[in-house]
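K.L.:
Letter by letter, the chains look like this.
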Amino acid sequence: MSTLSPPPRPTPPSASPQPPNPISLRLYKVLAASFDDDATREAIRTLSDLYIAPPAKGKEVRRDDDADLDDADELDVPARAQAKPGGRGIDEAAATAVVARARKNLRRDVDTMLAASSRKFLAAFGEVDKQLDILQEHIGTMRERCDEAQTQLRQTSDACRTLLDRAGSLREERHEVAMRQNIVSLFLARFTLSEDEKEAITSRDVPVGKRFFAAMDRAEKIRDDCRVLLSGADVQPTAGLEITLATSALLEQAYDKLFRWCCAEFRLMARDTQLDASPALREAVRRLQQRPELLTEALAHLAQTRESALLAAFTGALTRGGVGGLPRPIELHAHDPLRYAGDMLAWVHQALAAEREGLEGLFGVAGRRRMVGAVRTREGPEEAWMSEMLDRAVGGLGAPLKVRVMQTVRSQESSITSYKLANLLQFYMLTMQRTIGEDAVLSRTLQELTDASYKAFFDAIDALGRALLRAPLDLDDHSVSPPLAILDHAQVLREIMAVYESSLLGDESAEEQTAGFRAILDRLVDPALEMVPAAAEAKQRQRPRWDGTVFVLNTLEYLLGVLEPFAWTQEKQEVVKGRIAGVVAQLTEEHYNTILRDAGLDEVAAALESRQPDEPLSRVPAAQAGRLQQALDAFSGWLSGAGVVHAERLAAVDARRVAGDVHSAALGRVAETYGRLCEEVRRAENRYEAGATLLGGSRPFGQVHLLWQIFGLEGGAAA
Amino acid sequence: MGDYEDATELMETYDFLMKYIVIGEAGTGKSCLLHQFTHNTFKDHSQHTIGVEFSSRTVKLGEKRIKLQLWDTAGQERFRGRSVTRSYYRGAAGAILVYDITSRQSFLNLSRWLADARALASPHLVTVLVGNKSDKEEDREVEWAEASKWAAENDVHFLEASSLTGDNVEAPFLLCARSILLAIESGALDPEKAGSGVSYGDRALRRVNSSSRLSFGSLSGGRRKSTVKLRLPLTGGRCC
Ligand SMILES: Nc1nc2c(ncn2[C@@H]2O[C@H](COP(=O)(O)OP(=O)(O)OP(=O)(O)O)[C@@H](O)[C@H]2O)c(=O)[nH]1
Ligand SMILES: [Mg+2]
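If you read the sequences in order, they're chains A and B. In terms of full-length UniProt numbering, the first sequence opens at residue 1 and continues consecutively. In terms of full-length UniProt numbering, the second sequence opens at residue 1 and continues consecutively.
Note that these hints are calculated values from the structure, not bench results. Among the hints, erroneous ones may be present.
Stated by the list, open to error - Cross-link-like lysine to any residue pairs, in silico, SDA-like; alpha carbons within 20 Å at most: (1) B:Lys193 <-> A:Ala270; (2) B:Lys149 <-> B:Ser111; (3) A:Lys210 <-> B:Thr13.
These numbers were taken from a predicted model, which means no experiment stands behind them.
With the hints as constraints, model all of the structure from the sequences given.
P.N.:
Have a look at this one:
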């Protein structure tokens, strides 16, 4: 509306200097009105359309009406009427008529048109109103429906909620059940064996092998897990118990199968000289250690099998030898006792070592490399089994070995061979005991054989000793050298000692070495020590001129010489030396007396010894001055003879050193006796007249040191 | 030596079992040689062997696993005299005859040892002569050529080795085993028979093979190949 009103700005302020009257104001307003604005132009164009075009054209009229309606309130009709000619410019005749008519009827026309339009509106709105009523009706119904629906919905949703609740709890339940099912199936999977596994355990057709062992492992695991399960307090024990029972039953079957299979396998091992266990068998044995009673029984079969296998092999080696008799059967050498026994023992030793190796393989302890010589330390439970098996396997070899060895031992005549045999047996006994222990059957057999062979040997040397004691000396043998019986005896001793020496390992202590041969020495040397003086005495009685003492000395010296090379005979050497010392003392005494006699001093010396304490020496008949003079002269004569440096009797002593010693000792005593005599003669109590003169009459002129010099002895200086 | 580890360690089964004796003068290094062979180390402070000592080792030869039962004998005369060591020759399949290249005496006595072995052991005894202590070149008293000639004349294999350094120590044992296997293959030696010094290991193998002739693929097919595989130092012609 504001757009239609003429813009008052350009004119009023300047064109109205004085308060005008309303008409002029109006006039001004009209005059000042400009119709050149778009709204006016549009209104006029509408009007012109209204009148140019026949009113029939409703559409346009209506449009004009609209425009007119718009303008109606504001526009002043005269103003508009005036404006029209001004706007148009050109008037024509027709137009003039129309304009005239328009001028006349404008208001009415407009009103008419307005009324028409209003009617139209009215009609239209009436229609709208009617429609709206219908609509309202519809909406009402709709609301009703909606309310109904809502009620229903509410009811439904109420109903649904319980359903949903139930569905929810059901779902939860289902979840729980599924979980439990899962647990149960896991449980079952974990605690039951598959059919396949059961079959592996129970079926005879499934061999003992990987599959079987795997199934067994499963069963064992289940049983162990069950144990853990049952130990948990909050678990119901029934399932666990059932499973335990079922599994244990299966496991027992498994062990039983293992057991039967092992027995069968073990029985097959009869043909093999060498015990060789397959990996499966090794595993089976390892597992059966859980059932010691089953293993024991199965191993009993093996022990038996092995015993007879080894026995057969041994018999074969003894009687048949190798292929085509090569190597030769051991018995072929039965005539050679050492070789025979040695071959048998070595065979047994080798069988023992090989069997031990086989058992180590069977018990899975192979590879613990160890020399057989090394002492075995008892370790692990297998060791006990192996020891027993080994004991039984080789124990059977004892019987044939024993028969043959005993026979060999008994048939030996030579004590040396007997000793070698005993040594050999002892060597093997010690060697094998290191592997099988002292309590093994074979060890005991070997011990028995060793003892028996030693007994045979001791019997033999005892017999030698007895024979020696009985052996008489040849009365017609004038020599004083060791007799043949002693030479033979010593030869035996020598050989036996050599055997003993070679049997020493070198790590024994001196005491051990001595102890190891003491009994033998006693048996061999003591009879000789006894026999020699006794026999000499006997012969002496028969042949007084024969020198028994020198004979004994010679023989003892000889025996000492036999013993001397070996340090471990020291003890016996001392005994012999003691005897020799006795003989030497006796010989020295005899030799001294011989010299005194030879030198003519014997009676004087006797007088010196035997006179009464208060009796003057010169009063003893043998020491009277005259007799003394004779004696001293004789002595002087002897001193210039050969007797000083040479003694006939001692020439027969084989040990020159001993002979020299005896002679020197005797001379020494002579010198001492002479010295004492001189002293006594010079003493007044003995009442010699011119005793010094008496002594100085002949060599050595009463000078003892001179005598020592003559004898060539050191003792003179000291005396 | 490390190359043998896998082939020798703790093998549980074997195809053949062979019995060897190790003989020769005292002090030639028999025990050291064996110790080196079974332990891969030098045996310090070796004492004279008393009687006989046993050890074993499994070796691989081509496809065959062979368990060797080794009997180390005392060289000292007193044990020979006492009928101890000689009894072990019986039924040996192989003999490792050892002398000391720094001891002419130990070489001169070889004939006696060989005669003993031949007389007492399996008739098919395979002997390998080992000149030990090859590390002591400066003290050498026996030339390689001389020993090689002796070996050829006496129909034994020969090589020099050092138990100290381990040089060539495996070779005599493998060489011996190979010869024995070849003898079995040729039919000259039957492991089924007692006293041969050889026996089958796995009984299963025996069952399979007892009726038919054994075949040693790699052995009969290519000696060269197996030699190379074994790293036997024989390719250089140092073997007779
Ligand atoms: N340099 C050197 N020394 C060696 C070698 N082999 C052994 N020996 C030494 O030779 C000595 C004797 O070795 P053993 O192996 O005990 O000799 P053996 O032949 O077994 O002796 P018996 O058991 O008495 O027969 C020891 O002192 C060893 O150290 C070697 O290859 N080189
Ligand atoms: Mg040795």
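K.L.:
Quick one: which hint numbers does this structure break? Sort them smallest to largest.
P.N.:
none
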